[in-house]
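Colleague: Given next are the chains, with one letter for each unit.
There are 2 protein chains.
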Amino acid sequence: MIAVIFTSKRSKGFDSEYKLMASRMDALAKSQPGYVGVESVRNEDGVGITVSYWDDMDAVQNWQRHPEHLEAQRLGRERWYEWFRVRVCNIERMSANGVD
Amino acid sequence: MIAVIFTSKRSKGFDSEYKLMASRMDALAKSQPGYVGVESVRNEDGVGITVSYWDDMDAVQNWQRHPEHLEAQRLGRERWYEWFRVRVCNIERMSANGVD
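Residue numbers (my numbering), protein chains in the order written: chain A, 4 to 103; chain B, 4 to 103.
Hints may contain errors.
Simulated crosslink set (DSBU-like; lysine-lysine; CA at most 35 Å straight-line) [to be verified]: (1) B:Lys-22 with A:Lys-15; (2) A:Lys-22 with B:Lys-22; (3) B:Lys-15 with A:Lys-15; (4) B:Lys-15 with A:Lys-12; (5) B:Lys-15 with A:Lys-22; (6) A:Lys-12 with B:Lys-33; (7) B:Lys-12 with A:Lys-12; (8) A:Lys-15 with B:Lys-12; (9) B:Lys-33 with A:Lys-15; (10) B:Lys-22 with B:Lys-33; (11) A:Lys-12 with B:Lys-22; (12) A:Lys-33 with B:Lys-15; (13) A:Lys-22 with B:Lys-12; (14) B:Lys-12 with A:Lys-33.
What the hints contain is simulated information worked out from the structure, not anything from laboratory work.
As the structure is a computational prediction, the values presented were derived from the model and not from experiment.
Using the sequences provided together with the hints, build the complete structure.
Modeller: Shown next as structure tokens:
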């Protein structure tokens with residue numbers, strides 16, 4: 004399985020536009036082939052980590068090239084994020100506690 | 004490079020004990036061979052994602068088996084976290100914007 008780690012800091016402003024697009028991207032990602040799940044946290048300083056999980060690298064590439072997602076990425080670079088990093092990773096091992 | 008994604012939800016209570024140990028583990032991790040960096044966010048609901056970065060799998064295993072870290076893991080399971088997940092990943096690609 005693939006994990007895409009998206010670490011970012013929100014810029015000031017464009018809050019309602021950003022929220023609308025974040026919610027749209029969340030729904031759109033869930034509807035893509037090969038989508039497995041997402042974990043997302045942002046703190047009060049505007050620093051966030053979102054990890055999305057995918058069946059394989061093809062699913063990640065399809066999602067990264069989706070036209071609406073490309074438009075969101077453009078606005079992200081231009082307006083919404085002071086900085087961000089994207090890391091695409093292959094999951095080698097997993098352990099868990101207290102979750103089904 | 005290896006990323007260790009630690010997703011968790013804090014239980015209620017043991018706040019000062021937890022903070023002390025989290026700060027100690029942060030410092031101890033930084034002093035380990037093969038440590039590269041860390042990104043960590045927890046929101047007001049107590050859900051957190053911490054991603055630590057390491058040179059290779061040996062560095063990860065050494066850190067996961069460090070005696071003080073093993074003790075912290077035990078207390079984590081018993082007291083501090085309602086649930087957690089650990090995923091050890093191999094980073095395949097990275098991109099960034101607005102960071103040096």
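Colleague: Against each hint, give a clear statement of whether it holds in the structure.
Modeller: A quick look at each hint next to the structure:
1. B:Lys-22 with A:Lys-15: Holds, because 29 Å separates the two Cα atoms, which is no more than 35 Å.
2. A:Lys-22 with B:Lys-22: 31 Å, holds
3. B:Lys-15 with A:Lys-15: Answer holds: Lys-15 (chain B) to Lys-15 (chain A) is near 32 Å, not above 35 Å.
4. B:Lys-15 with A:Lys-12: 28 Å, holds
5. B:Lys-15 with A:Lys-22: Status holds; Cα separation ~29 Å.
6. A:Lys-12 with B:Lys-33: 23 Å, holds
7. B:Lys-12 with A:Lys-12: 22 Å, holds
8. A:Lys-15 with B:Lys-12: 28 Å, holds
9. B:Lys-33 with A:Lys-15: 31 Å, holds
10. B:Lys-22 with B:Lys-33: 17 Å, holds
11. A:Lys-12 with B:Lys-22: 24 Å, holds
12. A:Lys-33 with B:Lys-15: 31 Å, holds
13. A:Lys-22 with B:Lys-12: 24 Å, holds
14. B:Lys-12 with A:Lys-33: 23 Å, holds
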